Amino acid sequence: MSLDTAEARTGRPRISASRAYPALVRALGRGWLRDRSQVFFTILLPLMFMVLLASVFGSTANTVSRVIAVGDVAVLDEADPDTFTVTEAAGLDEALAVMRAGDADAAVVQDGDTVRIYPSSTNSTSGAIAAGNLSALVDDVNVEVLAEAAPSEPVLTTEVEEAEGGAMRPIQYLAPGILAWGIAIAGVFGAAGTMVDWKRDKLLRRLRLTPASVKTFLGAKVSVNLAVAVVQTAVFLAVAALAFGLELSAWTWFAVPLVVLGTFAFLAIGVVIGGIAQTSPAAAGLSNLVTMPMAFVSGAFYPLALSPEWVQWLSYLSPMRYLNEALQAVVVYGSPPSSVLPQVGMLAAFAVAIGLVSWKTFKFDEL
Amino acid sequence: MDAAIEVADLRKTYRGRRTGEVRAVDGVSFRVERGEFFGILGPNGAGKTTTLEIVEGLRKPDSGTVRLLGRSPWPHSPELTGRLGVQLQASSFFEFLTAKEQIETFAELYGAAKGRGDEMLDLVGLTEHADVRCEKLSGGQQQRLSLACALVGDPELVFLDEPTAALDPQARRNLWDLMRAINAEGRTVVLTTHYMEEAEALCDRVAIMDAGKIKAVDSPAGFVRALDAPTRVTIAAGQLSEERVKELASGESVTAGETQVVFETRDPRKLLTALASDGALEDLSVRTANLEDVFLHVTGREWRE
Ligand SMILES: Nc1ncnc2c1ncn2[C@@H]1O[C@H](COP(=O)(O)OP(=O)(O)OP(=O)(O)O)[C@@H](O)[C@H]1O
Ligand SMILES: [Mg+2]
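Line by line, the protein sequences are chains A and Z. For what it's worth, the numbering used here labels the leading residue of the first sequence as 189, then goes sequentially. For what it's worth, the numbering used here labels the leading residue of the second sequence as 34, then goes sequentially.
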């Protein structure tokens, strides 16, 4: 069979897909790099936030979490003295009074299999850090128990080499939240702005009249956005580690699939917004309207454990919550990817659900 | 061989919440032969762009059929789009790219040969501006770049939606030369415009469109001939006696005003010879009927730009 008949049958010249995709990625990538406002918003703004927040919270935090054990708390027997100083109290009220005076970061009660943590709200950042350290401790104990119960099953363990005494510091609590926020605004604002630009300059319309398919074009666009998210993550974590002493766990690489998944969800939100907005200011305004509450209820900047209950409920609706939790777990606490499967599942569910909505609301005619 | 374009009874109504129903295209039919230079002439809002978008396959009509090079433009096939060149009414470029990067990206999308991009920049006279970002090009330069992008795939059929809007007279004339050359290479060209002279200067045939309908299709010369309008010859008043004016008019219409005498004649040659021999040529102007008169005649209303 000659090539000509093969071509006639598929009706598709072989040139288009193979040359169009790299050409489009190059064109869109270059455009992105030359757009100063994009570079500022995705790369510099999160770094500036990190500088700001780290210096605000940095001075108030203790390096070692001061924990009050209320009654008998078996799990604290395993506590590393470099991470925790443990004092004891007879009752919860007494412990809370000590915390209110600012002399402790968290109180812990163990009730059978349940470890209940009361982080300090007087000093919320160290309270959150203490809570994080305690969760990690409980995870470690669980892993040991599992390993004993089923010695033949391999259990994933992590060893985080801690260079500076092994304590949680504010940067380790703040960095994942700021990164999740940076990923969210890059995705939402980026996609919404792009849609409005397309409405204005009819680029998509023009491209539909070339032999390259719209799918190739959208694929190239999404590829560029994903690449941006990965670069953004790498730059952010590198600066956090080198300049702010963030200790990166061995599982840090898993941040890549996490931000890719998150970016899908945030791009989809942006596409919905871009479908509604007709002008750039409207797109930016609507994006703010969505990302601000999404960030506030996600626990990225303020610990959820210390937030009012309604905020905690709302947080389940924020995809940023799951990205933040998962990043914190793998990058800071060094938890294995298997431990963040629920968060990954929720992020994927959000990406699919919002993706469907955006597909339904995507009006080709307007573009 | 199939016609380049065959359009039958296209209809498209826009329904807006505030604007109500707009019958943008209301029963349009026409046919464009291969190699032809076809113009769609009409005022703002006549439905030219909508018609073109339906023909190109960007919009679905409410009813009616389109055949482009013997095929339906819907659904999109790269086989067909590869043979089309399109310049949309608004220039659509990749943001932040230079003219050269722009044309090269389009060259890749059309699978064009290496060097074709540079050739096209040269053709539209943008070689000197190759490294200028698109948004920094002047309006006319952007129009030319967008024309270059339309031609980079070596199309058989070229759609140009008001390519000379917002150009200065010199640039417009340069672009006319370019469009003539494109057509002379054997490409079919479909042009929309609201400039009468442009349609007259370029098109083999012109469709006059108004309020969603094609009122008439003919060659510019054919239109004028069919109109059978007299030639208007104007001279300054006071050069000829009243009797002589009547005599020269020889039964045709003449208006003698304070400053001008206007003859309307079907035999301009005889009148002009007589005026010359009388030496009455001060402030002479001769105006034959043009598409403007045709438009007035065809639509029943004055041309307004
Ligand atoms: N997307 C749209 N939604 C609603 N109405 C529209 C839309 N596009 C065009 N129209 C209306 O349809 C009519 C025809 O518009 P169209 O753009 O086809 O005219 P045109 O002849 O190209 O005008 P111009 O010379 O100004 O480019 C106009 O009344 C316009 O307001
Ligand atoms: Mg138009």
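No lab work stands behind these hints, which were simulated from the structure alone. Small disclaimer: the values here were computed from a predicted structure and weren't measured. Take the hints with a grain of salt, since some may be wrong.
Stated by the list, open to error - Distance ranges between label pairs, derived from CB positions:
(1) V540/A with E168/Z: 30 to 40 Å
(2) R44/Z with L406/A: 22 to 32 Å
(3) P469/A with R320/Z: 47 to 57 Å
(4) G78/Z with L505/A: 42 to 52 Å
(5) G217/A with T160/Z: 17 to 27 Å
(6) T467/A with G148/Z: 55 to 65 Å
(7) D59/Z with A536/A: 17 to 27 Å
To be verified - Here chain A is said to cover these stretches of chain Z; the calculated rule only asks that three of the stretch's residues, wherever they fall, bring their Cβ under 8 Å from a Cβ of chain A:
(8) 40-50
(9) 112-120
Glycine residues also receive a C-beta, built at the ideal position from the N, C-alpha and C atoms.
Against the structure, the hints come out as follows:
1. V540/A with E168/Z: 30 to 40 Å: Given range 30 to 40 Å: holds, Cβ gap about 37 Å.
2. R44/Z with L406/A: 22 to 32 Å: 31 Å, holds
3. P469/A with R320/Z: 47 to 57 Å: With Cβ atoms ~51 Å apart, the hint holds.
4. G78/Z with L505/A: 42 to 52 Å: The hinted range 42 to 52 Å holds for G78/Z and L505/A, with Cβ atoms some 46 Å apart.
5. G217/A with T160/Z: 17 to 27 Å: Because 26 Å falls inside the window, the suggested range holds.
6. T467/A with G148/Z: 55 to 65 Å: This hint is violated: roughly 40 Å between Cβ atoms.
7. D59/Z with A536/A: 17 to 27 Å: Violated, at about 49 Å.
8. 40-50: Check failed, 0 qualifying residues.
9. 112-120: It holds: at least three residues are needed, and the stretch 112-120 of chain Z offers 5 whose Cβ sits within less than 8 Å of chain A.
Checked against the numbered hints above, the structure violates hints 6, 7 and 8; every other hint is satisfied.
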